[in-house]
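First to last, the protein sequences are chains V and P. So for the first sequence, UniProt numbering puts the first residue at 1; every next one is plus one. So for the second sequence, UniProt numbering puts the first residue at 1; every next one is plus one.
One or more of the hints may lead you astray.
[Unchecked claim] The list that follows gives simulated cross-link-like pairs (lysine-lysine, DSSO-like), each with its CA atoms no further than 30 Å apart:
#, chain 1, residue 1, chain 2, residue 2
1, V, Lys170, P, Lys45
2, P, Lys44, V, Lys170
3, P, Lys45, V, Lys111
[What the hints assert, rightly or not] Here are the simulated distance ranges between beta carbons:
#, chain 1, residue 1, chain 2, residue 2, range
4, V, Thr117, P, Val31, 18 to 28 Å
5, V, Gly166, P, Ile41, 48 to 58 Å
6, V, Thr275, P, Ser14, 51 to 61 Å
7, V, Lys181, P, Leu16, 43 to 53 Å
8, V, Thr117, P, Leu16, 48 to 58 Å
9, V, Thr117, P, Glu36, 20 to 30 Å
10, V, Phe86, P, Ser14, 18 to 28 Å
11, P, Leu16, V, Lys162, 37 to 47 Å
Derived from the structure by calculation, the hints contain no laboratory data. We put the CB at the ideal spot given by N, CA and C, even for glycine.
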Amino acid sequence: MDNVSYQRFPTVRIREIKDDFLKFELRNTDASMANALRRVVLAEVPTIAIDLVEIEMNSSVLNDEFIAHRLGLIPLTSERAMDMKFSRDCDACDGDGKCEFCSIEFTLNVKCTSDQTLDVTSHDLVPSDQQYPVYPVGFMERAEYGGYEEDPPEQRGILIVKLRRGQELKLRAIARKGIGKDHAKWSPAATITFQYEPEIHINEALMETLTLEEKKEWVDSCPTKMFDIDANTEQVVVVDAEAYAYDDEIIKKADAMGKPGLVNIISREDSFIFTIESTGALKAADMFLNAIEILKMKLDAVRLSMETEENDDQFGELGAHMRGGL
Amino acid sequence: MDGGMAPPPPEPVSYLCGDCGADNSLKPGDVIQCRECGYRILYKKRTRRIVQYEAR
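Next comes chain V alone, as it looks inside the complex (with noise of 0.2 Å):
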């Protein structure tokens, strides 16, 4: 047991990289790590939302309540996160939202004075700070802020309620920094995915003895196009291998035709294919590399716990994992 080395030194290889984006092949590791991962972008990552509002006036259809809540939603960028105090540990303020280590203070004053709809969306909401400002996402794209139908869709900001004349909506909001695992509006990532990579192996010598049509038609089984005929061989090629779903049916349809084994499908249980998406609070990559931050500080916390005596026992083996059977 003392001189079994559990440790592995996975890989990174980027295949993708935007700013709402990311795809990479992480290698040499295990589910577990992948999983890890995975969970520590979605729930622990921090970011900064709406997490207070003081509602002074509001005459909109929209119960302030209802308001409040839109406006926790609306993701704000982030990138001060990791570096900001959250409220409950901060020592130098009353939580009233002045404080500059925990808070980040917007005001919203919009009223509807002519008898067109009045937009209300994240444009709206002013940040307080000039010096470091949080904007909502999308807020610095904007073109010359034109009105809500006016822009291109993309630059609209997010709707937070409608006016009609004479309606009006003010109120002061404070933001704060916060994990997915308190409230998802804190979430990072709009999606996740990893698959473990498929290897897919063809037995040649039996493909051979099917004819053309038998061949197209096990091709076209396939839910997700992974296959393809070669026009001049008249062979089957693999086109897509990670478009497997995991789903079957081409082995199904195999058997059906009455050639079990026709094809060979494995996954690779250490390497894996991610892909993060953003919802624009922090770059995708951003969303990893701090997810690597915070998964090395918990396990910190295992170890710095683990030094002391009485957990000796408790964490033995689990030692032997954690310092690379050292």
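We have chain V; now place chain P onto it with these hints.
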């Protein structure tokens, strides 16, 4: 101490008429009826105070 003092005169509360929308000031005991149009449904106005909500 306070027991002997008369309670402060009740402040009139402003209501909105459900029909014509006119402002109506009412004191306790007044007939609930719009002074402009005689409509008998009056609406109370929103508080002038700031109200606080958790955005959850």
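*Would you pick out the hints that fail for this structure and give their numbers low to high?*
Structure breaks hints 4, 5, 8, 10, 11.
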